[in-house]
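Colleague: In this text, residue positions in the sequence shown follow my numbering: the first is 424, and each later residue adds one.
One should not assume that every hint holds.
To be verified - Below 20 Å or equal to it, Euclidean Cα-Cα: the simulated SDA-like pairs (lysine to any residue) are: (1) LYS643 with SER704; (2) LYS734 with GLY711; (3) LYS643 with PRO761; (4) LYS734 with PRO761; (5) LYS734 with LYS643; (6) LYS734 with VAL693; (7) LYS734 with HIS792; (8) LYS643 with ASP738; (9) LYS734 with LEU776; (10) LYS643 with VAL693; (11) LYS734 with ASP797; (12) LYS643 with ALA580; (13) LYS734 with LEU777; (14) LYS734 with LEU801; (15) LYS643 with ALA633.
Honestly, the hints are just simulated from the structure, not real lab data.
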Amino acid sequence: MNTDIAPRLGWWQQTWRLAGAAAIGLVLWVATGVAVSNGPAGEPSPWFFIGDPLVAAGCLTALVWRRRFPLPVALGVTIVATVSVLSTGASLLALGSVATRRRPVEIGIVVVGHVAASQFGVELYPVDNPPGAFWYQLATPFLTAGIAVAMGMAVGARRMEVRSLRERAESAEREQSARAAQARALERNRIAREMHDVLAHRISLVAMQAGVLDHRRDLKAEENRVLVRGIAEGSHLALEELRDVLGVLRADPGLPEPPQPSLEGVPELVADARASGLDVSLTSTVTGTPPDVVGRTCYRVVQEGLTNAAKHAPDARIRVGLEGAAGGGLQVSIRNSPSAARAAKPPSSGFGLLGLGERVDLAGGELRHHRTPDGGYLLTARLPWPNPTHEKRA
Numbered sequence: 424m425n426t427d428i429a430p431r432l433g434w435w436q437q438t439w440r441l442a443g444a445a446a447i448g449l450v451l452w453v454a455t456g457v458a459v460s461n462g463p464a465g466e467p468s469p470w471f472f473i474g475d476p477l478v479a480a481g482c483l484t485a486l487v488w489r490r491r492f493p494l495p496v497a498l499g500v501t502i503v504a505t506v507s508v509l510s511t512g513a514s515l516l517a518l519g520s521v522a523t524r525r526r527p528v529e530i531g532i533v534v535v536g537h538v539a540a541s542q543f544g545v546e547l548y549p550v551d552n553p554p555g556a557f558w559y560q561l562a563t564p565f566l567t568a569g570i571a572v573a574m575g576m577a578v579g580a581r582r583m584e585v586r587s588l589r590e591r592a593e594s595a596e597r598e599q600s601a602r603a604a605q606a607r608a609l610e611r612n613r614i615a616r617e618m619h620d621v622l623a624h625r626i627s628l629v630a631m632q633a634g635v636l637d638h639r640r641d642l643k644a645e646e647n648r649v650l651v652r653g654i655a656e657g658s659h660l661a662l663e664e665l666r667d668v669l670g671v672l673r674a675d676p677g678l679p680e681p682p683q684p685s686l687e688g689v690p691e692l693v694a695d696a697r698a699s700g701l702d703v704s705l706t707s708t709v710t711g712t713p714p715d716v717v718g719r720t721c722y723r724v725v726q727e728g729l730t731n732a733a734k735h736a737p738d739a740r741i742r743v744g745l746e747g748a749a750g751g752g753l754q755v756s757i758r759n760s761p762s763a764a765r766a767a768k769p770p771s772s773g774f775g776l777l778g779l780g781e782r783v784d785l786a787g788g789e790l791r792h793h794r795t796p797d798g799g800y801l802l803t804a805r806l807p808w809p810n811p812t813h814e815k816r817a
């Protein structure tokens, strides 16, 4: 968009501007006619009554395009106004329109043309002039041109200010839209992370038990019943957890959220995985209670490790280790031995470890995961656990 082109005027705005220009020209035309009648000529020529108004009408018509072609229209009207006193108002309006662009060279060209046209108009209609009238005839067009230029530049400054305010408002609106889009993206990521953390672990255990039923034909009736009962209980718990997550998402933002998992919930998490058929053990040498963020992140690390083990190595031995104390940090490790199972694995989103990495980063920790030399897998996390006494001293 060309910012030099002024906004288009409505019909009423256009009409009163042209009417004002015509009124100024009419006053000067009548005054000139009276002066000519009282001068040596006795009465105005036919050009004064026919040609002069026709030229003025053409100039007023040309002013309709002054905002689209400001300089050509202004120069054309100024040149034509040399043979028409009635066009003086149109010439001043064209000069003011050029002045709104605030370009000194263009303004100077049109001002010179306006002054020259006024001097030629004096010669066109001879009148009696008192001594020293030359300086009056020269100063008057400069004065009127200066008034037109000042008004035009003021309008231009106001127009630029309005455009600047509009651009600022549009920029603020774009920034607000960008922030809203970012907030929606963050909220979607949070929802996806919560859904994964809450459901992936439970569904993985259910899928593992269903896989055992499908591939083990040598199970006794009691073992089958245990697995079926585990699948039913796991599915029921998954539905309850899904209902809790959806309830949080639909709840009033002012209502408190349900309690979040913590380090104390890790033994129960391991026990549930063991009851589902995983060979998992827990070793903990943690002393004290870590901050809520650290404990919650530790729980999610163990949960994700058990979920991945249930998906990819359901028959492996899984060892969960927790170690740490205030001031020394909290170390979490989930190691599983190589798996000999070749059963089809449930589909995976591939974003579990990515989301877990974000959680650990937000807690100020470090997450690592890789295969071990014997073909197993190791997931470790180091989480900060500051000493409360040091925080108080600081």
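Colleague: Determine for every hint whether it applies to the structure shown.
Modeller: Do the hints match the structure? See the list:
{"no.": "1", "hint": "LYS643 with SER704", "result": "violated (25 Å)"}
{"no.": "2", "hint": "LYS734 with GLY711", "result": "violated (33 Å)"}
{"no.": "3", "hint": "LYS643 with PRO761", "result": "violated (27 Å)"}
{"no.": "4", "hint": "LYS734 with PRO761", "result": "holds (13 Å)"}
{"no.": "5", "hint": "LYS734 with LYS643", "result": "violated (24 Å)"}
{"no.": "6", "hint": "LYS734 with VAL693", "result": "holds (16 Å)"}
{"no.": "7", "hint": "LYS734 with HIS792", "result": "holds (16 Å)"}
{"no.": "8", "hint": "LYS643 with ASP738", "result": "holds (18 Å)"}
{"no.": "9", "hint": "LYS734 with LEU776", "result": "holds (13 Å)"}
{"no.": "10", "hint": "LYS643 with VAL693", "result": "violated (25 Å)"}
{"no.": "11", "hint": "LYS734 with ASP797", "result": "holds (19 Å)"}
{"no.": "12", "hint": "LYS643 with ALA580", "result": "violated (91 Å)"}
{"no.": "13", "hint": "LYS734 with LEU777", "result": "holds (17 Å)"}
{"no.": "14", "hint": "LYS734 with LEU801", "result": "holds (15 Å)"}
{"no.": "15", "hint": "LYS643 with ALA633", "result": "holds (15 Å)"}
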